Amino acid sequence: MNADLELFIRQLINGLNTGSIYALIAIGYTMVYGIIKLINFAHGEIMMFGAYFAFLFATTIPTDLPFLVIVIMAMVLAALMGVATEKIAYKRLRTAPRISALITAIGMSLFLQNLALLIFKPQPKVMPELISKKAIIIFGIGVPQITLYTIGISILMMIILSIFIKKTKAGKAMRAVSQDKDAAMLMGINVDGIISLTFAIGSALGALGGVFYSIAYTQVYPTMGVMPGLKAFIAAVFGGIGNVGGAMLGGYVIGIIETMTKGYISSRWADALVFGILILVLLFKPSGILGKNVKEKV
Amino acid sequence: MKKLLLIILTLSFTLLLSACNGVDDTVRLGTIGPLTGDYSMYGVSVKNGAQLAVDELNEAGGILGKTVELISYDSKGDPTEGVNAYNRLRDEDEIHALIGGTFSGVTLAIKELAVEDNMPVLTPTATHPDVTLDADNVFRACYTDSYQGKVAAIFVDETIEAENVAVLYNRDDAYSEGLALAFIEEFESRGTVVETLTFGAQDDDYSSLLTVIQASSAEAVFLPGYVAEVGAILTQAAAAGMEIPFIGGDGWDSIEVDYADVADGDYFGNHYAKTDEAEIVQNFVTNYIEEFGSSPTALAALAYDAVYAMANAMEDAGSLDADAIIAALKDLDMTEAVTGSIKFDENGDPIKSITMIQIIDGEHVVVDKVEGN
Amino acid sequence: MKKIKYKPLKISSKYGILRIVIAILATFFILNFLINFGILSRYYSTILVFICVFIIMATSLNIATGFLGQLVLGHAGFMAIGAYTAALTAIALKEIITNDLLLFVISALAAVVTTAIAGLLVGTPALRLRGDYLGIMTLGFGEIVKVIITNLHITGGAQGLTGIPRIMTFPIAFWTTVIIVAIIYLFMNSRHGRAILSIREDEIASESVGINITKYKIIGFVLASLFGGVGGAMYAFQIGYLAPATFGFIKSVEIFVIVVLGGMGSLSGAIMAAIFLTYLPEALREFEKYRLLLYSILLITTMLFRPQGLMGTKEFSLTKALNKVIRSFVYVYNKFVSFFNKLFQKESEY
Numbered sequence: 020m021n022a023d024l025e026l027f028i029r030q031l032i033n034g035l036n037t038g039s040i041y042a043l044i045a046i047g048y049t050m051v052y053g054i055i056k057l058i059n060f061a062h063g064e065i066m067m068f069g070a071y072f073a074f075l076f077a078t079t080i081p082t083d084l085p086f087l088v089i090v091i092m093a094m095v096l097a098a099l100m101g102v103a104t105e106k107i108a109y110k111r112l113r114t115a116p117r118i119s120a121l122i123t124a125i126g127m128s129l130f131l132q133n134l135a136l137l138i139f140k141p142q143p144k145v146m147p148e149l150i151s152k153k154a155i156i157i158f159g160i161g162v163p164q165i166t167l168y169t170i171g172i173s174i175l176m177m178i179i180l181s182i183f184i185k186k187t188k189a190g191k192a193m194r195a196v197s198q199d200k201d202a203a204m205l206m207g208i209n210v211d212g213i214i215s216l217t218f219a220i221g222s223a224l225g226a227l228g229g230v231f232y233s234i235a236y237t238q239v240y241p242t243m244g245v246m247p248g249l250k251a252f253i254a255a256v257f258g259g260i261g262n263v264g265g266a267m268l269g270g271y272v273i274g275i276i277e278t279m280t281k282g283y284i285s286s287r288w289a290d291a292l293v294f295g296i297l298i299l300v301l302l303f304k305p306s307g308i309l310g311k312n313v314k315e316k317v
Numbered sequence: 035m036k037k038l039l040l041i042i043l044t045l046s047f048t049l050l051l052s053a054c055n056g057v058d059d060t061v062r063l064g065t066i067g068p069l070t071g072d073y074s075m076y077g078v079s080v081k082n083g084a085q086l087a088v089d090e091l092n093e094a095g096g097i098l099g100k101t102v103e104l105i106s107y108d109s110k111g112d113p114t115e116g117v118n119a120y121n122r123l124r125d126e127d128e129i130h131a132l133i134g135g136t137f138s139g140v141t142l143a144i145k146e147l148a149v150e151d152n153m154p155v156l157t158p159t160a161t162h163p164d165v166t167l168d169a170d171n172v173f174r175a176c177y178t179d180s181y182q183g184k185v186a187a188i189f190v191d192e193t194i195e196a197e198n199v200a201v202l203y204n205r206d207d208a209y210s211e212g213l214a215l216a217f218i219e220e221f222e223s224r225g226t227v228v229e230t231l232t233f234g235a236q237d238d239d240y241s242s243l244l245t246v247i248q249a250s251s252a253e254a255v256f257l258p259g260y261v262a263e264v265g266a267i268l269t270q271a272a273a274a275g276m277e278i279p280f281i282g283g284d285g286w287d288s289i290e291v292d293y294a295d296v297a298d299g300d301y302f303g304n305h306y307a308k309t310d311e312a313e314i315v316q317n318f319v320t321n322y323i324e325e326f327g328s329s330p331t332a333l334a335a336l337a338y339d340a341v342y343a344m345a346n347a348m349e350d351a352g353s354l355d356a357d358a359i360i361a362a363l364k365d366l367d368m369t370e371a372v373t374g375s376i377k378f379d380e381n382g383d384p385i386k387s388i389t390m391i392q393i394i395d396g397e398h399v400v401v402d403k404v405e406g407n
Numbered sequence: 236m237k238k239i240k241y242k243p244l245k246i247s248s249k250y251g252i253l254r255i256v257i258a259i260l261a262t263f264f265i266l267n268f269l270i271n272f273g274i275l276s277r278y279y280s281t282i283l284v285f286i287c288v289f290i291i292m293a294t295s296l297n298i299a300t301g302f303l304g305q306l307v308l309g310h311a312g313f314m315a316i317g318a319y320t321a322a323l324t325a326i327a328l329k330e331i332i333t334n335d336l337l338l339f340v341i342s343a344l345a346a347v348v349t350t351a352i353a354g355l356l357v358g359t360p361a362l363r364l365r366g367d368y369l370g371i372m373t374l375g376f377g378e379i380v381k382v383i384i385t386n387l388h389i390t391g392g393a394q395g396l397t398g399i400p401r402i403m404t405f406p407i408a409f410w411t412t413v414i415i416v417a418i419i420y421l422f423m424n425s426r427h428g429r430a431i432l433s434i435r436e437d438e439i440a441s442e443s444v445g446i447n448i449t450k451y452k453i454i455g456f457v458l459a460s461l462f463g464g465v466g467g468a469m470y471a472f473q474i475g476y477l478a479p480a481t482f483g484f485i486k487s488v489e490i491f492v493i494v495v496l497g498g499m500g501s502l503s504g505a506i507m508a509a510i511f512l513t514y515l516p517e518a519l520r521e522f523e524k525y526r527l528l529l530y531s532i533l534l535i536t537t538m539l540f541r542p543q544g545l546m547g548t549k550e551f552s553l554t555k556a557l558n559k560v561i562r563s564f565v566y567v568y569n570k571f572v573s574f575f576n577k578l579f580q581k582e583s584e585y
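Protein chains in written order, with our numbering: chain A, 20 to 317; chain B, 35 to 407; chain C, 236 to 585.
Excised from the complex, chain A in its bound form:
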């Protein structure tokens, strides 16, 4: 195969890998925003704790647990953590001015980061290779197994989530609450419960992203959620905040743009470019690619 083409395809695969992880994390942001109109700054930290949970299960328990078990346990713990942060910090501020809730979210994010710093210490720890990084040759190009798993499982999760939202009763309730909270309550929907469920699902998916991230990129450390969290948020905004499909699309787009910039243009400016995209989107199409324009009420 032509060397240039091969290089391009390998970079594309790198981008898809990163993109899948951003997509998983972005879904969490978008679901929470859709339902309570809050940017959960602490979402990146949930991703980080998810990775740490998996790390702990993989290294401290004497028996060799299968990957699936570790991941599910990490996702469950992260879901509980997400629900807890909502109950402790965000619930009381549902009627408060936006700026208060935002500041609290920032505070929560910092709190979780520093908590992790104290508990786990700042030194990065090596994540055990729960999924092999060895390459499988597909069409003459080596693709690491972890990449295949990441892309495959992410797409699977997104399909399951879409079905859940469209077909199940709980999914319909979620859509109702995000459209009009008060009306949903009047219709007899348990708004508190739905909000908790949203946080639980978002956090679980974020944790899954965290596990894949730490395996692919080797390490877990307390501040690992900051940058991916920020970029996943940018992805969510890009795709249309509140729109799950948009989050997935945005994740892949941002992941590929980042990788291609690093590979072909300059790694120096890749981060600035991604932030620049954010500013452009916010300025010219704040509802994102797949989002709808909402008029502000007086």
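Simulated from the structure, these hints should not be mistaken for laboratory data. If you're wondering where the values come from, they're calculated on a predicted model, not measured in any experiment. Mixed in with the good hints, there may be bad ones.
To be verified - List of simulated lysine-lysine pairs, BS3-like, C-alpha gap at most 25 Å:
{"hint": "1", "chain 1": "A", "residue 1": "K140", "chain 2": "C", "residue 2": "K524"}
{"hint": "2", "chain 1": "C", "residue 1": "K238", "chain 2": "C", "residue 2": "K570"}
{"hint": "3", "chain 1": "A", "residue 1": "K191", "chain 2": "A", "residue 2": "K110"}
{"hint": "4", "chain 1": "C", "residue 1": "K452", "chain 2": "A", "residue 2": "K56"}
{"hint": "5", "chain 1": "C", "residue 1": "K452", "chain 2": "A", "residue 2": "K304"}
{"hint": "6", "chain 1": "A", "residue 1": "K188", "chain 2": "A", "residue 2": "K106"}
{"hint": "7", "chain 1": "C", "residue 1": "K559", "chain 2": "C", "residue 2": "K570"}
{"hint": "8", "chain 1": "C", "residue 1": "K242", "chain 2": "C", "residue 2": "K555"}
{"hint": "9", "chain 1": "C", "residue 1": "K555", "chain 2": "A", "residue 2": "K304"}
{"hint": "10", "chain 1": "A", "residue 1": "K191", "chain 2": "A", "residue 2": "K140"}
{"hint": "11", "chain 1": "B", "residue 1": "K377", "chain 2": "B", "residue 2": "K364"}
{"hint": "12", "chain 1": "C", "residue 1": "K237", "chain 2": "C", "residue 2": "K577"}
{"hint": "13", "chain 1": "A", "residue 1": "K144", "chain 2": "C", "residue 2": "K524"}
{"hint": "14", "chain 1": "C", "residue 1": "K240", "chain 2": "C", "residue 2": "K570"}
{"hint": "15", "chain 1": "B", "residue 1": "K364", "chain 2": "B", "residue 2": "K100"}
Chains B and C: place on chain A using the hints.
The following block gives chains B and C in isolation, referenced to the frame of chain A:
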């Protein structure tokens, strides 16, 4: 009435006198380094190495017959904090000399104040070239970033014999950038640098950069950085199936702790090797392990040597006067040191060779000792 | 025993300004005296200068976040632009201009120009954004500034900028701070300031009564940024060395916490919080590990239980504070008296 006045006068005079200056019955050395935060292992290493030297000195009778006291403050890796720490050491603790800072950024911030104060400064680990520039009273025990980069280039050309090389460094880190730029400057007269790539401090995903290197004609990669990022990069490189050797600087020290398998066969330059058979090295290693329970890093060795260098200078000078100490440091010729020898050029930089080490089966194997002049 | 009846102190506000001026002059002369006679060592004088820097940073952020009500999470970016501009100007001019104060003023003016431009660049898109998005955008701005500084050669990149003349002294720092706070205070008490406050309260309503939202939002951002730039310049001249890592998100957060704690919308609150939160880490060096954790808990609990911060939107008033103190003493004293009376079955005399 007169008697009362006299008593009051005497008492206030004595009070004034004692408040004037901490009586010089101990020799006080200060260290500044990151004791908390992401880089705490470096600050703690320096503190421990210095402490070991201080304890040994005290057991042997101290400096100029007085007990040696080591006062350490946390810079948190931040220049502002470093300045506060230095001010505190100078004003509140009244140190006689500073073994610090640990990081170049902090040391540069402190340097201006130290020059104003004429404080004898011997930094064990700050490698930025400007640290000793135009500062008569500032010395360092380690070689500079530019020297390391240059020597690495010589090593890659003459020992590894690679003609095409890729350079990968951390653009957010002065140390990494310093070594990389010096390497490139030296290597371009010997071979070709086919790719120069950078990553940031916040990056975790190096796959796109490694892919570019793999697709190029590079036969070796110069990767100056610290253990955390280097370990991640080497792991991802191994997963991508890269087999060309990686070479690094003293920031790689201790990489074999967590990353021995992926670093196997790679090289780095260091201030000393734990496996060096010289008696002074082995004594140092044994005593350090006994006191602190872990193996000493090169930073600890440098701090240890720095304290001894300062002690020797003070003994040579016969006093704790700043000018005398500085003059003695200028003339110092310490041939027996863990990190080789300590003798300063007119800038305050040591004249040394770099120990090039290869990691084999998790052990440091000395390959060569290279000089850059 | 007799109970005391509480009578609030009435201190005439006729000489209010005079009293404040006297207080400021007194503070200056006392501190300056202590420094010049070596009673306060350089350790303390340096901390005092840093306190001044953070007072400026907090009060400037307060304009945008407290008074204008816009969430700005990248204020360290303005500090960085101001610091580097001033430093580079000073380095270029230090051979030509020998007077320290003049050098500072010129460099600070250069900083003001560049930061104001930056403020304009940030403020213009801010017109179209609401709370959450604005916060993220300003955060992105802060990061972009850091990336630019790291990648430019003139700023020294990650290696940092050395050779900055250390011309900052306590008097310069103190009076610069006083001037800036005075300007902000006068501005906020003018009709422009009231316009800005009305935007915070209800943007749509204020627009409908004819307040030019665009103009005032831009003014607010530009003022916040350019004062922040001066703070950065002051910082550069005190420490003599600049590195991009100093001006990251954590720095923005530290300034932000000061404003939130002091009360968004209160100048005196911001000043008190700045003094407290700049000195505290020094005093509690052993607890550095927990500092950021404590800050985050402070943020959360403040928002949950006392979102108006220490001072809310009001300013510190000596009369009110004294009255509060007197009232609590009277209260405690009266409680003691009734307890005492009950003990001895005396008739209470009123």
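(message) Need the list of violated hint numbers for this structure, in ascending order.
(response) Numbers 9, 10, in rising order.
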